[in-house]
Each structure stands twice: as structure tokens, then as C-alpha cells.
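Protein chains in written order, with the working numbering: chain Z, 1 to 267; chain C, 1 to 267; chain Y, 1 to 267; chain X, 1 to 267; chain D, 1 to 267; chain U, 1 to 267.
Rather than coming from a laboratory, the hints here were simulated on the basis of the structure. Any given hint might turn out to be false.
Since the list can't tell identical chains apart, any single copy or any two copies may satisfy a pair.
Below, in silico cross-link-like pairs of lysine to any residue (SDA-like), each with a Cα-Cα straight-line distance of 20 Å or less [to be verified]:
#1 K251 - A72
#2 K108 - H98
#3 K253 - I135
#4 K253 - D210
#5 K108 - T93
#6 K108 - M94
#7 K108 - E92
#8 K224 - P155
Computed from a predicted model, the values in this text were never measured in an experiment.
6 protein chains.
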Amino acid sequence: DFLNALHEIVPAFGASTDDLERCRLNGIVSCGDRHRHIYERAMLLVEQVKVSKGSPLVTCLLEGPSGSGKTALAATVGIDSDFPYVKIVSAETMIGLHESTKCAQIVKVFEDAYKSPLSIIILDDLERLLEYVAIGPRFSNLISQTLLVLLKRLPPKGKKLLVMGTTSEVSFLDSVGVCDAFSVTYHVPTLKTEDAKMVLQQLNVFSEDDVDAAAESLNDMPIKKLYMLIEMAAQGEHGGAAEAIYSGKQKIKIAHFYDCLQDIVRY
Amino acid sequence: DFLNALHEIVPAFGASTDDLERCRLNGIVSCGDRHRHIYERAMLLVEQVKVSKGSPLVTCLLEGPSGSGKTALAATVGIDSDFPYVKIVSAETMIGLHESTKCAQIVKVFEDAYKSPLSIIILDDLERLLEYVAIGPRFSNLISQTLLVLLKRLPPKGKKLLVMGTTSEVSFLDSVGVCDAFSVTYHVPTLKTEDAKMVLQQLNVFSEDDVDAAAESLNDMPIKKLYMLIEMAAQGEHGGAAEAIYSGKQKIKIAHFYDCLQDIVRY
Amino acid sequence: DFLNALHEIVPAFGASTDDLERCRLNGIVSCGDRHRHIYERAMLLVEQVKVSKGSPLVTCLLEGPSGSGKTALAATVGIDSDFPYVKIVSAETMIGLHESTKCAQIVKVFEDAYKSPLSIIILDDLERLLEYVAIGPRFSNLISQTLLVLLKRLPPKGKKLLVMGTTSEVSFLDSVGVCDAFSVTYHVPTLKTEDAKMVLQQLNVFSEDDVDAAAESLNDMPIKKLYMLIEMAAQGEHGGAAEAIYSGKQKIKIAHFYDCLQDIVRY
Amino acid sequence: DFLNALHEIVPAFGASTDDLERCRLNGIVSCGDRHRHIYERAMLLVEQVKVSKGSPLVTCLLEGPSGSGKTALAATVGIDSDFPYVKIVSAETMIGLHESTKCAQIVKVFEDAYKSPLSIIILDDLERLLEYVAIGPRFSNLISQTLLVLLKRLPPKGKKLLVMGTTSEVSFLDSVGVCDAFSVTYHVPTLKTEDAKMVLQQLNVFSEDDVDAAAESLNDMPIKKLYMLIEMAAQGEHGGAAEAIYSGKQKIKIAHFYDCLQDIVRY
Amino acid sequence: DFLNALHEIVPAFGASTDDLERCRLNGIVSCGDRHRHIYERAMLLVEQVKVSKGSPLVTCLLEGPSGSGKTALAATVGIDSDFPYVKIVSAETMIGLHESTKCAQIVKVFEDAYKSPLSIIILDDLERLLEYVAIGPRFSNLISQTLLVLLKRLPPKGKKLLVMGTTSEVSFLDSVGVCDAFSVTYHVPTLKTEDAKMVLQQLNVFSEDDVDAAAESLNDMPIKKLYMLIEMAAQGEHGGAAEAIYSGKQKIKIAHFYDCLQDIVRY
Amino acid sequence: DFLNALHEIVPAFGASTDDLERCRLNGIVSCGDRHRHIYERAMLLVEQVKVSKGSPLVTCLLEGPSGSGKTALAATVGIDSDFPYVKIVSAETMIGLHESTKCAQIVKVFEDAYKSPLSIIILDDLERLLEYVAIGPRFSNLISQTLLVLLKRLPPKGKKLLVMGTTSEVSFLDSVGVCDAFSVTYHVPTLKTEDAKMVLQQLNVFSEDDVDAAAESLNDMPIKKLYMLIEMAAQGEHGGAAEAIYSGKQKIKIAHFYDCLQDIVRY
Ligand SMILES: Nc1ncnc2c1ncn2[C@@H]1O[C@H](COP(=O)(O)OP(=O)(O)OP(=O)(O)O)[C@@H](O)[C@H]1O
Ligand SMILES: Nc1ncnc2c1ncn2[C@@H]1O[C@H](COP(=O)(O)OP(=O)(O)OP(=O)(O)O)[C@@H](O)[C@H]1O
Ligand SMILES: Nc1ncnc2c1ncn2[C@@H]1O[C@H](COP(=O)(O)OP(=O)(O)OP(=O)(O)O)[C@@H](O)[C@H]1O
Ligand SMILES: Nc1ncnc2c1ncn2[C@@H]1O[C@H](COP(=O)(O)OP(=O)(O)OP(=O)(O)O)[C@@H](O)[C@H]1O
Ligand SMILES: Nc1ncnc2c1ncn2[C@@H]1O[C@H](COP(=O)(O)OP(=O)(O)OP(=O)(O)O)[C@@H](O)[C@H]1O
Ligand SMILES: Nc1ncnc2c1ncn2[C@@H]1O[C@H](COP(=O)(O)OP(=O)(O)OP(=O)(O)O)[C@@H](O)[C@H]1O
Ligand SMILES: [Mg+2]
Ligand SMILES: [Mg+2]
Ligand SMILES: [Mg+2]
Ligand SMILES: [Mg+2]
Ligand SMILES: [Mg+2]
Ligand SMILES: [Mg+2]
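Modelling step: build the complete structure from the supplied sequences, incorporating the hints.
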């Protein structure tokens, strides 16, 4: 199954898995059918790239609301592939650089990938790479032109490349034509009540009686926000409760949990 | 209680408390439930950051009308935490600098924080840091992209960081996606009549008969403006009355107080 | 009274009064209650700044139609205060400079003021300092951000500062948030018929019979335009009449006065 | 009368009259009451500036449709004044210069004027100086800010200055606030039928029978276009007729005149 | 008549006629009354400039749909004048230059013209010189300001200049005020059915029976496109027919002609 | 027929056919009448350019949806012509360059072409060369002006040039006037059901029974996407099936094919 799959494949690649591991700080838990489906399909693309003759370049976009698990998913695919070159391109390492410098760095990653027989490039948080802001809207056309070309440019003969992008601003990407530049697009959703329940059961911080009520209130919550919420609630109303809760000695009080939920959700 | 809490914790941190103290020139008085609630919750976040393993980065936004006490509140949390690194980032020290220089200075503050096991960074007056002006609207996209990345970038292993932002332009921050980049948001309100009354009683510049009438006229007044108004009224109609009033020998005449209120409120 | 007040206080300050005097080329005459009220209130703010402990920075905006007497009024307050540092910041001395140079000069004036125990800074014609033009609208965001910060930044301990601004584009200032950055705002109006009459009587250029008719036609005239109009009319229909009229030997013919009024008023 | 007036005053000024003379290539003919009225009023302003004590700076704008005679009128006032410094500022001598260089040259003209006891500056074709184009609209804000300041800045003590501007884009000037910066504005109109007739009679190129018909078709024609039209018509249908017509041997055929009118008027 | 006129005048001018000849690659054929009328009127302007005293500068705009023959017409007038200086200013020789360099080159052409007693300048494809594009719209304001000034600036005493412009974007030129800057404007139309027939008869590539049908389908075709269409059709359905058709041995098949027309006309 | 035609002509040109061959990675298969028609017409233009005297420059635009086969078509025409100079201009070799550098490179290609008696230039993906993005919209006006001029500029005497452009953003090209700058435009469509069936039969990856059903679901699919889809489906539901399918041992399961179609089509 999904979770097992993660551990069956032993990666052996040059790129540091550390960078990729930091993308899933809370690990990977089972959280529903859609997440599993996307993982499986992405792994098929990994295989397609490996064996294909006609399509040396495959591109795949993961889009979904903020915190839905896109980056962790893409990192997991990167880790689970046995490709010698796996690289994540993120705005975090390019803060404050001029757009032309960012372009050069992105192009460099592609040029490096072209030297490896099998490569994966993760373009994380595309809207941030594009310096997108909704007002205007503004964004870097230099970078978007660069990506539009790179997403169609074939690697040299004999080289294969899988590009995975992530974004929580799919309609923006669409309007600049970057969506269409990807061969396939998968929507990574927030958690439904039953997904949330599955996660809560694995975390084991509520008394059995409260799990259902808690999960009910978590419909449509992104998985990343769920983790933040649980940590807040675990402090307890007056602080100091975290250790007892994580060690299982105590459970989160459902009333306090609701309070924290209020603080974290904006209407 | 709230006021006591302020003095129970003895801060012991490297950053100069002087900068933080200047952010609450008129001290901290009791001014209602909401202000107290926010203070308590923020102190819980301080604790969460300290003990958490899963969330080394917590971010919290204080938003509310101009003068409602956001900066003083954030400074107080900074002072009352026992964190070794507490730093306020403000437009005041960056007047006239180019946006890229501002970016560099902001990044520097974060890099410094990453070196301390426990840090607090206060991003004061975010709309000013972003060089926001409603016409257009215009703002620095360079700085907003920088903040969007910094608010999500994890500190190195073993380091913990609490970021507190303040703003009186929450809808602008929302439209550039900076709001969503914060884990929690608290609304800091103006004073209601009963809050204003509580403050006036502590200041003791009205005769007992006038306090109610004065407080009535102060509904929805931000606390900072209330202090300015009292000072104006304390001069008296023809000047020269301030000393007598502050020493308690005289009281503010309610009629003159109303006059000053007229000057200070715009319709 | 108002006019007496101007001469009762003997100024003794380092700044050149010459600059300030040139701001009221036609002197100061009695021209109605509102002008007097504003003068008195502004003088109270001067005193507040002097004696206050809690508000080392007070800011006050004079807004009103073009030519209504704002600059003359602010200059008069500056002259009549006994503050050692009084400085007018005007676009006239910064023609054609780059916005960043203008910023630097404005910041310099504030830094200088911070060295004096008691200071007044007049920001004259704020829309001109901000390089405002209605089409677009366009303006210097660099300068507006600088002013927004300077209008809130506290002077160093022990120093006191009163900032007075003038503008005839209050709605623009409002839309960039500069209005709200001032503690108090006063509206300086055009002259009503009775105010105009008061001025005409002091000027004594009409025959007694014509003063009422002339004043009647001057409803809503700004005081500066009134002076220009009187000068035009004083030339007479064929020129050469000015000397006779100013020396009192002759009076302005009301018909010619109406003609000139036609030329000067745009519909 | 108007035309006589032009020759009664003998100018004696340092500035080259040549530049000014070239502004009225077709001389000055009588062309109606409004043109005469404006000339007379402008000459009164010349006198006012000379004798006034209270208004060392007078500014006057001539606005009207393209070709209505604004520049010729302003040049004539400059020539007929007896001022030692008369200078025309025109876009013709600043083609292709950067806006800041243009600003510097304009400021230089004002600085020079400040050295003369009595000066006239003609700002010709203000929309061209401001690099105005209707699309957008676009224009140089640097130059417009410079003019806005220069039009209000007083010359040094003892110096007097009359500034005359011309424009055919008064509504644009209005929208950037330059109109309001002038003390007086005069509208220079196109020719009415009777004005056109007066001009045609002086030119004497039609047979007596045709003058009325020709004038009738010229209602609302600017005087400059009228001159161009007459020249076109004077060539005759097959060319070669011009000399005969100007020498008076032949007259313009009214039918051919109508043909030319068709070509020159756009609907 | 029109075609004869072209050869009656023997040009004798310094400028290379080669440049001008290349502007009419397909020669000049009779193509209807309007084209002839414009030619004749333009030649009259040539004469007017030569003999006139009052208008040393005449400017004339040829506007009309793309390919209607404007450039060929202007070049023909240039060739047929006997002016010593005839120069065509075209975007072709300024590809990729910065707008200020383009300005300098345009100004240079005018300065050179000012040295010749009689000059013609052709400003070909004004929208291209102005770097116009409909989206936005965008264009070079630097160049448009330069042209606006040059089109009104008088040549030095004793020099005469005729400026002819061509454009297929007359409404754009209108909106930037360049149209009004020309003294006269002529509309160069597409061909009407009878004009097209006249041209086809001169080309003699259809059988007599087909000429009418072919001409009928060519209503509103610009002359330049007509030439392209004939060349396409002359290849024949399967290629190889061109020589036979131009030598007169074969005629174009009307059915294939209709096919080509389909390809060339966009709906 | 169409496919035969491709091999009948033996190309003999200086430009590397390698670049052109890479433009049709999946070869050229028969895919319907429209594609064949365009190929034949384009080859006629090749001939026209060769034999024509009157039109040394012919320009032709291939427009159609993304992936419809435009580039492969243009490359094929280039390969099948016997022209000594055939060059493809593509954004791929100009990533991140400044627009002026791109211009210079494009101009260089044209200058080189002008040296060869017969040349073909392919301007591939014009919207990418123009740095077009729909938001705004934004694009490089410098490059669009350059292309507008180059598409009309005649090669030197005796040289002939065919320019072929490709684009999937025809309405954008239209709005910047680049469409009209081409002599002929052909629309390259997606595949209709019967076209898709023809392609599937040639690929032979479905069992005979499934071909019709598969083709039915492929109505309006661009040929490039069809190839990607077949490769995805060929992996099989659990991977590992590709080899068996391409070697003909196995067929694609229609159910899995539908699944893949879901992933690839966006609604
Ligand atoms: N099955 C899972 N899939 C994805 N993430 C998971 C899963 N199980 C646990 N997680 C955790 O959930 C978090 C998902 O956060 P992640 O940063 O991937 O979200 P995101 O969609 O990329 O957010 P953003 O929109 O802010 O970029 C990670 O901390 C990860 O460890
Ligand atoms: N309980 C309180 N909470 C906050 N401020 C208080 C309190 N009691 C007194 N004050 C005083 O009220 C003032 C609040 O001003 P502060 O600058 O914090 O407001 P602000 O919301 O940050 O304003 P701005 O929107 O202009 O940035 C300070 O002078 C502070 O000393
Ligand atoms: N009581 C008065 N108050 C103000 N101005 C007066 C008074 N009496 C006379 N004046 C004269 O009226 C004129 C007012 O002009 P001033 O430049 O102050 O107007 P303003 O409102 O600043 O104009 P602007 O909008 O153009 O800046 C001055 O010449 C001043 O000498
Ligand atoms: N009474 C007159 N007033 C003005 N111009 C006259 C008069 N009589 C003759 N003219 C001639 O009419 C022409 C007026 O042209 P002028 O350049 O002054 O018009 P303008 O309004 O400045 O045009 P533009 O709007 O193009 O700047 C000049 O050639 C001038 O010699
Ligand atoms: N009587 C004529 N008038 C104009 N052009 C003619 C005439 N007879 C033949 N031609 C030919 O028609 C073509 C007209 O093309 P030309 O370039 O002048 O059109 P244009 O209107 O300038 O086009 P564009 O709008 O593209 O600039 C030329 O090749 C010219 O040789
Ligand atoms: N008859 C054909 N015509 C065109 N392409 C074909 C044909 N047969 C097979 N192909 C293949 O189809 C693909 C067409 O892709 P191509 O890149 O030409 O499309 P495109 O329209 O240029 O796409 P884009 O809009 O992305 O630029 C190529 O891989 C080509 O080998
Ligand atoms: Mg992510
Ligand atoms: Mg604050
Ligand atoms: Mg003023
Ligand atoms: Mg003029
Ligand atoms: Mg042309
Ligand atoms: Mg393509």
C-alpha cells in the first residue's frame, strides 16, 4: 500500500536527501485516497520517463490549497525514485535576488539535470518563484518566460527528465500559460472529515470519545494547518500540558481545542 | 491577572529592552478583556515555540485600527518572554533606503535569529515595511516576496522562532497573501465605552461626575488617540492648566474636553 | 485679540525669521472668526508641546482651498512661538531634485530639530513636496513613505517637536494616509462676504458706498486672490491709476472692479 | 486702437526681438474684438507688474484652439512692453533633451529673469513643454512639478516678473493643476465669420463679390489655418497662379477655394 | 495624364533616387481617380512650397489601409519634384535602436534639410517610427514629441520644406495629435472593382472572359495585396506555371485564383 | 501523396538539418486533409519565392492550438525545400537574454539570410519570441517592432526570402499587428475523430475492437498530446507494460486509457 511503498524503494541518488526530508517535517501519514492516488500516478510517470523513447521530458503539476501537502508529496516522489539527480528549486534559497539571477540559477539546475541520464526537478511553490502577488497582479515575466521555455525544451539525446511543480495559485499559473505547459496536473485537496479522523487516530492525542467530534470540526482543513492546530491545543489552556499529551498521559480537552480552532480559522 | 503578569516574569535577554520600552511610552494600563485575551494567547505561543518539536516556527499577526495598541502589546510580549533574542524590525530605522537594502536588513535580522535557540522577531507596521500606499495601490513587491518566504522558511535544526507582525491595513496584507502566511491572527480593537471608562479612572483627570459623560463620548476611540486627547484637554482653554491637572489640583472641564474632541475627530 | 496676539509675543529663535516673513507678503489682517480660532488653537499646541511629558511629538495639518491663508498662518505660529528651532520645508528650494535627494533633505531637517529641545517644522504645500499631480494620480511614494514614518517617529528623550503641514489637496493626502498621520487637522476656509468686507474696510480702496457691493461679489474668495484682484482693479481701466488709489486720492471704480473679477474667476 | 498700439510703444530690451518676431510670421492684422481685448488687458498686467509693490509676480495664461494666434499675441505683448528681459521658452530648442535637462533650462531662464528688475517670460505651448500626449495621458511630471513651483515662487525683493503661458490643451493643463497656478486666464478664440471677413478684406485676394461667400465658409477657422488655406488656393487649380494673385492682377477662384477648404478641414 | 506626368518631369536632385525607386517595386500603374487626384494635389503643394513666401513649411499626410499605395505615391512625388534634397525616413534603417537614437537621426534629417533651399522629407510608416502597438496602446512618446515639434518648427529664413507622412493607423496618429500637426491629410483608398479591373487589364494575366469575374472578387483590395495574389495564382495549382503566364502563353485559371484569394483574405 | 512528398525531394542545404529534425521527434504520420493541404500550399510558396521577380519576400504564418503540429510542419517544409539557407529562430536558444540581445540575434539571422540567394527563416513560437504573457498583457514591444519591420523589409536585389512563423496565440499576434504583416495565414487544427483513428491505426497499440472507441474519445485532441497520452497509457495500470505494448505483444487496455485521458484533459 501507500505507506509501505514509501519504504520499499531504496533511493540511491547524488542529490542530498536532507533537503527533501526537511520538506516533510511531520513525516508522511495515511491521509486519504486522493493523496495515495496522486502518489501512485506520479510514481508511474517516474517509470514512464525511465523507459520511454518518445518522451524524454515529462512534466507534472501538483496544485491545491495552501498546506494541503503538495511539497511533501513531491519530495516523497523524488526520494522514492531511484534517479541519480533529484533537485528542488525553491524561493527560499533565492531571497532578494534579482529576477535575472534567479533565472540563471533555475537554468543552471536544468543544465545540470541534462548531464544526468535520469533526473527529477521539483519547482516548489511556483507562484513564489514567479514573485507573484495578487494585486495588479504582479509577477516576474522574465522568470515566467524562462519556465515556459524550459518546460518545453527537450533534454539532449539520451537524457530523461521529470519536472514536478507545486502551487497553491493555480488560476494565476493558468492565466500566464504555465499550467498548459505541464503535461499532467493533479489537484491535491484539503482533508475531508474521514481523512482528518484517520490522521487524528494516528496522532492519538484525543480521548476516544472526542475523536469524532474533533474530526467533524476539521472538515476541509489542510493537513499542514491540522498539525499546527494540534500543537497549539496541546499546550493546554494555561500552558505546560504539551509533554503530558505527547507522552500519552493526558488528552487534549475538546473545549480548548475548539478555542484554538477559532483563533486559527479566518472567516 | 493581566497587569500582574507583566511583572511576574523577569526578562533576561540580549536584545536591548530600551527599544521595546519606547514602544509603550504611556505604559500599559488595563483596558478591557480583548487586550488581556490577546496578551495571554500570545504568551502561550511563546511557550509553544519553546517546548514544541514539530513546529520550530510560529507566526502571529496583530491587526487593528491605527493606535489600538498593537505595537505596545507586541513589545510587551517580547519583554515578558525570557527569550535571548528579541528584535523589532521597524520602518523608522530604514527611512529612504532602497527596497533591496531594506530586504537585506530584514533578512539579516532573521539570520541572526537563526543563531539563537529561542528568538522573537517583531515586524512592526507591516504596511510601512512594505511601503504601502492605498493609491494604486503601490507597495514593494520585493519586500513582500521576501516576507512571504521568510514567514514560511524553517529555522535550522534545533532553533525556534516566533514572529509577531502588526498592521492597521489588514485588508491590504490579505490581498498580497501576507495574512495567510501567518499561523494565527488576532484583532486588536478600539476601546468600548466601558474600556475607556476604566482607563479614565486610572488616569484620574476628570471629576467623578464627568467620567461617565467623558467615557460615553469616547466609544470606539483607539487608546493612543485617547492619550493625545487628554493631553490637549489638560492644557485648558487658555493654556497653562496642565500642571495643576496632572498634579490632581484641578480637573479637566468637560466642555473644553468636548471641544478638543471635535478638533481631533474627523468625519 | 488676534492681531494683538501677533505682537505680544517677542520671538527669539535661531531660524531666520526672514523666510517666515516672506510667507505673509501682504501682512496679517483680521479676516474672520475661523482664522482667529485656528491661530489660537495652534498656539495652544505650541504650549502643549512645551509642557507635555507624554507627547513629545504633536502634529497638526492646515488644509483648505488654494490661497486661503494656510502658509501665512503656519508661518505666523512659527514666528510667534518662542522656539529655538523653527524651519519651513518647501518645494521651492528643491526644484528638479531627485525624490531621494528631497527625502534626504527632509530627514536632515528632522534630525536637526531632534537636537533642539523645542522645535517647529512647517511642511509647506505637502502635495508639492509629494510631487502630486491629479492625473493618474502620480506622486512620490518614496517621499510619502518618508513623511508617514517621520510623522510618527518620536524625537529622542527630552526633545519636543511640533510639525505643522499645509495643503490644498486634502483628499489626496487622505488617500495616501498622510492625513491620518497628523494628530489634529484644521480647515482654513475662503472668506465669507462679511469676512471680505472686513478686509476691504482695512484696505480702504473703495468709496464707502461701494464696499458692500464689492464684498457681496467676493463671497467665497480666498484671501490671496482678493489681494491680486484689488491690485488689478487699482490699475484702472486704462492704466496709471494705482498710485492715486493706494494714496487714497482716488477710489476703485466698481464697474472696472467687476470686469477684473470676471477675468480672475473661472467657471 | 489695437494696431496703432503695437507701434506706439518703442521697445528697448536686451532680449533678441528676432525670436519674438518669428512668432508672428504673417504679421498682426485686426481680427476682431476678443483678440484686441486680450492684448489690452495683457498690456495692463505689464503695467501692474511695473508699478505694484504687493504682487511682484503676475502670471497670465492664453488658451485657445490650435492656430488661434496665442503665440503671436504673447510675442507682441513681449515686444511692446519696455522690459529689459523678455524671453520665450519653447520646446523647439529642447528637442530630444531629457526631462531633467529641460527642467534645468527652464529654471535657468527664471534665475536669469530674477536678476532683471522687470522681466517677461513666455512659456510657449505648455503642453509641448510638458511632453503631453493624450493617450494615457502621458506627460512629464518632473516638468509639471517644476512649473507649479516656479509659477508661485516669488522673485527676490525688488524684482518683478510677468509670466505668460500659451496652450491649446487647456483641459489637460487644468487636470494637472497648472491652470489654477496662473492668476488670470484668457481664451483666444477662432475667427467668427465677421472676423474672417475683416482679415480677407485686408488680404485682398478675392473679388469683391466673393468675399462674403468665402468668409461665410470660414466661420470658426483659426487665423493660422486661414493663412495656409489662402496660400493653397492662391496656387490655382493647375499651379502657377500665386504671383498674379499676390500682385493683385488676378483673384482666387471661389470654386477652387472651396476645393482647398475641403482638403484642409477634417470631419 | 497621371502616368505621363510621372515621366514629363526630369528629376535632378542630390538624394539617391534608388531608395525612392525601391518604394515602388511593382512600378506605378493607373489605378483610379482618387490616386491620381492625390498625386496632382501633392504636386501642387510641391509648387506652393517653392513659390510661397508666407509658408516656408508645408506638411501633408497620406493615410489609408495597409498596402493601399501610400509609400509608392509619396516616393513618386519625391522623385517628380525637382528638389535638391529628398529624403525618406523609415523604420527599416533604425531597427533595434533606442528611441533617443532614433530621435537624433530624425532630427539630423531635418537639420540637413534646413541647409537646402528646397527639401522634401518623407516620414514613412509613422506608426512604425513611433513604435506603435495597439495593445496598451504603447508607443514612443519621445519620438512623438519630437515629431510634434519638428512638424511645426519653421526652417531658417530662405529655406523651404515639404514634409510628407504616410500611415495606416490614422486614428492612433489622431489620438497623439500628430494628425492635427499636418496642414493637409489625404485618404489613400483600396481599389474599387472598376479600379481593380483597370489594373488587371494592364497586367494581362487573365483570359478576357475572366477579367470581370476576377475584378468583381477584388472589390476593396489594396493594390499591394493584389500584386501578391496574382503572383500566387500565377504558380498554378501544382506549381511551375508562372513563366508561361507572365510570358502570356497561358492564363491564370479563375478557379485556382479563387482558391488563392481564400488563403490570402482573413475574415 | 503527402507522406511520399516528404521523401521525394532530397534537401541539399547548408543549415544543419539536425535542428529541424528535432522539431519532429515523433516523425510525420498522415493525420488528415488539412495538414496535407497546408503542407502542399507551403511548398508552392517555396516555389513562388524561387521563381518570382516581383515578390522577393513571401511570409506565411501557421497558427493553431498548442501541440497541433505547427513546428513539425514548418520544419518539414524547411527540410523539403532545396534552399541553401534554412534557419529556425526559437526562444530556446535565447533564454534569459535581454530583449535587445534577442533583437540583435533575430536581425543577425535575417542579415545572414540576405546573403544567400534563397532562404527560409522559421520564427518558431512567435508568442514566446515576443515574451508574451496574457496577464496585462505583457510582451516585448522592442521585439514586436523589430519583427514588424523585418516582415516587410525587402531583401537586397537578387535575394529571395520565405519567412514562416508559428504561433498558438493568434489573437494576440493579431492585436499587435503581426498577423497582418504576414502575406498568408494557415490554421493548423487539432485532430478530428477520423484523423485520430488514422493515427492510432498507424501506431497499432490498441486491439482492433478498441480503436474506434479510443478514437471517439480523442475528438479535438492535438497530435502532440495524443502521443503523450499513448505513452502514459502504454505503461499499464501498475507500470512495466510499455515494452510489451510497443513490441506488439500486448495491447493498451481501454479502461486504463480512459483513466489516463482523465488525468491529461483539464476542464
Ligand atoms: N500523506 C501526506 N502527504 C503530505 N503531507 C503529509 C502527509 N502526511 C503528513 N504530512 C505532513 O503535512 C505537511 C504538509 O505540508 P506541505 O509543506 O507539504 O504542504 P504544501 O501544500 O506544500 O503547503 P504550501 O501550500 O504552504 O506550500 C508536512 O509537514 C508533512 O510532513
Ligand atoms: N493595555 C495596553 N495595551 C496597549 N497599549 C497601551 C495599553 N495601555 C496603555 N497603552 C499605551 O497606548 C499606546 C498604544 O500605542 P501603540 O503605538 O501601541 O498603538 P498601535 O496600534 O501600534 O498604533 P499604530 O497603528 O499607529 O502603529 C502606547 O502609548 C501604550 O503605552
Ligand atoms: N489673517 C490672515 N491669515 C492668512 N493670510 C493673511 C491674513 N491676512 C492677510 N493675509 C495674506 O494673505 C495671503 C495668504 O496667502 P498664503 O500663501 O498664506 O495662502 P495659502 O493658503 O498658503 O495658499 P496656497 O494654497 O497657494 O499655498 C498672504 O499674502 C498673507 O500675507
Ligand atoms: N491679430 C493677430 N493675432 C494673432 N495672430 C495674428 C494676428 N494677425 C495675424 N496673425 C498671424 O496668425 C498666426 C497666428 O499663429 P500662432 O502661431 O500665433 O497661433 P497659435 O495659437 O500660437 O498656434 P498653435 O496652437 O499652433 O501654437 C501668425 O502667423 C500671426 O502672424
Ligand atoms: N498607382 C499606384 N499607386 C501606388 N502604388 C502602385 C501604383 N501602381 C502600382 N503600385 C504598386 O503598388 C504597391 C504599393 O505598395 P506600397 O508599399 O506603396 O503600399 P503602402 O500603402 O505604403 O503599404 P503599407 O501600408 O504596407 O506601408 C507598390 O509595389 C507599387 O509599386
Ligand atoms: N503530420 C504531422 N504533422 C505534424 N506533426 C506530426 C505529424 N505527424 C506526427 N507529428 C508529430 O506531432 C508532434 C507535433 O508537435 P509540434 O511541436 O510540431 O506541435 P506544435 O503545434 O508546434 O506545438 P506547440 O504549440 O507546443 O508549439 C511532433 O512530435 C511530430 O513529430
Ligand atoms: Mg509547499
Ligand atoms: Mg504600531
Ligand atoms: Mg501655501
Ligand atoms: Mg503657439
Ligand atoms: Mg508604406
Ligand atoms: Mg511549436
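Task: Structure versus earlier hints, numbers of those that do not hold, lowest first - done: 1 and 3
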